[in-house]
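Chemist: Residue numbers (my numbering), protein chains in the order written: chain Z, 1 to 382; chain W, 1 to 332; chain G, 1 to 240.
Read the hints as simulated data drawn from the structure, not as lab findings. Every value quoted in this text rests on a predicted model; they were computed, and no experiment measured them. Here a beta-carbon is modelled for each residue, glycine too, at the ideal position from N, C-alpha and C. Hints may contain errors.
To be verified - Straight-line C-alpha distance at most 25 Å; calculated DSS-like pairs for lysine-lysine: (1) K59(W) x K265(Z); (2) K161(Z) x K141(Z); (3) K190(W) x K371(Z); (4) K23(Z) x K139(G).
To be verified - Output of the computed footprint for chain Z on chain W, the stretches with three or more beta carbons under 8 Å from beta carbons of chain Z: (5) 5–14; (6) 60–74.
What the hints assert, rightly or not - Computed beta-carbon distance windows for the label pairs: (7) A271(Z) x E13(G): 23 to 29 Å; (8) P118(Z) x L230(W): 53 to 59 Å; (9) S172(G) x L16(Z): 29 to 35 Å; (10) L16(Z) x D183(W): 19 to 25 Å; (11) E234(G) x D36(W): 51 to 57 Å.
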Amino acid sequence: MRRWLSRQAHLIDFTLGALLRRKGRNLMMLAVYTLIIFMLASVTFLGSALRFEAKAALNYAPEVTVQNLIMGRHALSPPDWVKKLSRIRGARNIHGRLWGYFYDQAVGANYTLMVPPPRARDLAVNLGEVIIGHAIADLRKVRQGGYLFLLSPSGKLFKLKVIRILPEDSALLSADLVLISETDYRAFFNLTPEDGYTDIALTVRNSNEIPTVVNKITRILPTARVITREDILRTYENVFSWREGIVLAMLATALVAFAIFAFDKASGLSAEERREIGILKAVGWETSDVIAMKLWEGGLISAFAFIFGAAAAYAHVFLFDASLLAPVLKGWAVLYPDFSLTPVVDRLQLITLAFITIIPFTIATLVPVWKAAITDPDIVMR
Amino acid sequence: MIFDPPILALLLAAAVSAVVAIAAALFAVRVLRHWDIRSGSALQIRLERRTYLVTTALKIVMVMQMAALALFVHNADRMAILFTGAMCALGTLNVNQWGMPAFLVQIGVFLTSAVWLLLNRADEMGRDYPFTRAKYAFLLLFAPLVVASAILQWLYFLNLDPNVITSCCSKLFTPEGSGLQADLSAMDPKLALIILFSGAGLLAALALFSSAGRWLHVMLGILGGLYFMLAIAAIISAIAPYIYETPNHHCPFCLLKPQYGFIGYLLYLPLFAATALMLGSGLLAALGAPKSLQQRLPAYQKRLNWSAAVLYLAFAGIALYTILRSHLILIG
Amino acid sequence: MIRLEHVTRIHNEGRPNAVVAVNDVSLEIPKERVTVLRGPSGSGKTTLLTLIGCLARPTQGRIWLDDELISALPERFMTEVRRRTFGFIFQRFNLIRGLSALENVMLPAYPTGESHAALKARAAALLERFGLKARMHEKSELLSGGEAQRVAIARALINDPAWIIADEPTASLDTALVDQFIEEMRALKKAGKSIIITSHDPRIWQADVVDRIVTMQDGHILSVEDVSARERAEEKEQNA
Ligand SMILES: Nc1ncnc2c1ncn2[C@@H]1O[C@H](COP(=O)(O)OP(=O)(O)OP(=O)(O)O)[C@@H](O)[C@H]1O
Ligand SMILES: [Mg+2]
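In isolation and in its complexed conformation, chain Z is listed as follows:
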């Protein structure tokens, strides 16, 4: 075992030297490989970040949401809708929701302001109190027990006591969340109780009855748009499947092109290289040593490309909001007006990425590597 390790160490040592000796070609290979990994990683990172968001969104989403539409645009729902809806059999937990976006000029960030749903007892806030997401706590450098100052759109200053900070792992949605009491909310946005709610949420006792309930709502409230959690889920899935599918299919083509490129590069052995392999074999290297050396070469290139590509993709997706992929994946913006992604990358994703990129590369170079390795050692005598 020790001998084996030491032999591999020698081979790696030699390989590193060999890679550096043929800098030009290998840098080119590395660049292309890194680009491929960057693209694939961007898509998978973005895909999973969005799935993560979707999941988070769904956790919070009520089973049925009712919105008021005026001239085809989302408008506030009148307060009497709550009463009207409560007449529907099977509908429960009907409550008006208040939520909206707020741009904080002090730090240049967008917040989601919201009144916690009545059933979420652990999120209950009283007048003058606030619960905030960790991102805001970081941005504004406030701690639990401290005070958060917010300047309302109409220029009023609000001083709110921070009673809780939502932890990092509790889904992306909470990162920019500001939970305040209904009174504070209405005062903040200059809304009277007669103005109504942002929308109305309800649950259905038996999930089989959802279509019936939706039907009844549209009959009672003709101007309302009804959105079910299933709708959202389906939209997500649709957008996911085909968009990601198309992107991945495109990338698969790129991957095949890359494999051909790698094959070509590995096949085009220069006379100098062939001679070098001949020398190695003549002085006592075995064919399998040469193969191992060459596989290490591929392995090292893969490793570097993987690290560079994945790191670049991470930066791209999570620091620059996947700006290169935005045109393809714009559909997300419909569901998510304000999308800044929580950096979530797990082991499985990285292993997957390694599988998808390293397998084609290794397989593509295997035959050329073998061809090089069976070079006759007696060529050095010619």
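Got chain Z; can you put chains W and G with the ligands on it based on the hints?
Modeler: Frame of chain Z, contents of chains W and G with the ligands only:
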């Protein structure tokens, strides 16, 4: 079909493996027909050179398959959230009829890969490549397994329907139910633990001290295979409840979940590895030491046996650790 | 001792451009002696060396190294024998460009899996013995002809082989370097190495370190001359 990168990765690995396995099997046929180590003919030299390619490709595929097994299970576990009724990998595997067979065949691929690699190693030690024919004959068994695994995985993943309501471990692995899983769960925990620990001890002891008889050695290989199944049964009936700290949860897959500290991987890995070593060592014994390996083969087998013994003890140690750590008391 | 029995080597066998480079050669090469292969260009000297040195397999015939039949080994084991038994000095030295002298010397021992530190120490000691301590870390293509020659010899010795095989080692060297080469060979012979050299170069065959001269033509052995015996005979004559 669910467009998920891990699934694409697994399908890619399966396809590549199948292609390599088929190519290797075709080459194996040529080797079986024409291999003659004493001949210096051009054909023999060509065959010899090609073995380097085939062996390297197979090594890559086998390592890939071992990684794929882990990825397969890990991914199944993660996908459980997508299916109503699934709580762990088992539920995901049960979404359609291909999941379980795909998984079992994948385990078969893992074990045969490992055995082949051991055989290959022994073959390359002998100056006349004494096991070449055996090695390539073995490939003719291995290749269909890999192809079957690939087909099953494709069927499984292509037919994954998120609307299916599946049943998971709490339904299947319960002593009250019927079927194999239920029977496994219903096994007396005391008996299970006796089998697990005494089996590991016995096998380790035999592996360490049986430098003697060839047929004893072969038996040992068979026992290794047998113990593998018994040990899995014991994990289901006794170790799992200890880990979950509830007497009624028997699932062999939930062990792999992060909330149990991935203890399952720690438990299965030595068991799988030890089994592969035992099977390999037994196969070598069955093939018998050729002239060119009179000295080296016994030494090699001894190394395999030692490693297997250490792994068996590690397996037993980890099992014991889970029991001692647990707050559950199954047997007084 | 190396023994060849009816050894034939055909290049490009079975193709129209087939060449019988070595034709039915039977020969014994003694241990701890210096044997020189000579003959006109194309007579098959180099080809015969590749067969002896396990760089290639004979098309027909057998080659024995002591009591070991080495001509029928699979490639993997032929390499093993080659690595353990033979050190090669090539015509153009064949050092790898871009690697230092030290790394070039270490190269043949990589597959043995010796620890890096031990190997490095051994290679450095060898280079020092050849007066190259100061040039150890120089890239091989920047070495002078004489230095490159000595690095090549050091590389041939790193695995402590019993046999040294040199193909036209002096073809491109001036007289001073040829003399130096002969002195190195003398030292190696004294250290118990067996040496085989092919050469066109009269300065080599006339050197007194040579024990035996094998003359080849058209792939055949023309004559085997025991020069040490001849010298001893001459010496005796002179003494008488
Ligand atoms: N790899 C090869 N393929 C085809 N023919 C070859 C090969 N190597 C050598 N030959 C031929 O075999 C014959 C013997 O060549 P070899 O190199 O052994 O001669 P040599 O005595 O070493 O010649 P020189 O003194 O020029 O080095 C020559 O006719 C040569 O052209
Ligand atoms: Mg020549």
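Chemist: For each hint, tell me whether it holds in the structure or not.
Modeler: We went through each hint and held it up to the structure:
no.	hint	in the structure
1	K59(W) x K265(Z)	holds, 23 Å
2	K161(Z) x K141(Z)	holds, 14 Å
3	K190(W) x K371(Z)	violated, 58 Å
4	K23(Z) x K139(G)	holds, 17 Å
5	5–14	holds (count 7)
6	60–74	holds (count 6)
7	A271(Z) x E13(G): 23 to 29 Å	holds, 24 Å
8	P118(Z) x L230(W): 53 to 59 Å	holds, 56 Å
9	S172(G) x L16(Z): 29 to 35 Å	holds, 32 Å
10	L16(Z) x D183(W): 19 to 25 Å	violated, 56 Å
11	E234(G) x D36(W): 51 to 57 Å	holds, 52 Å
This entry does not satisfy hints 3, 10, going by the numbered hints stated previously.
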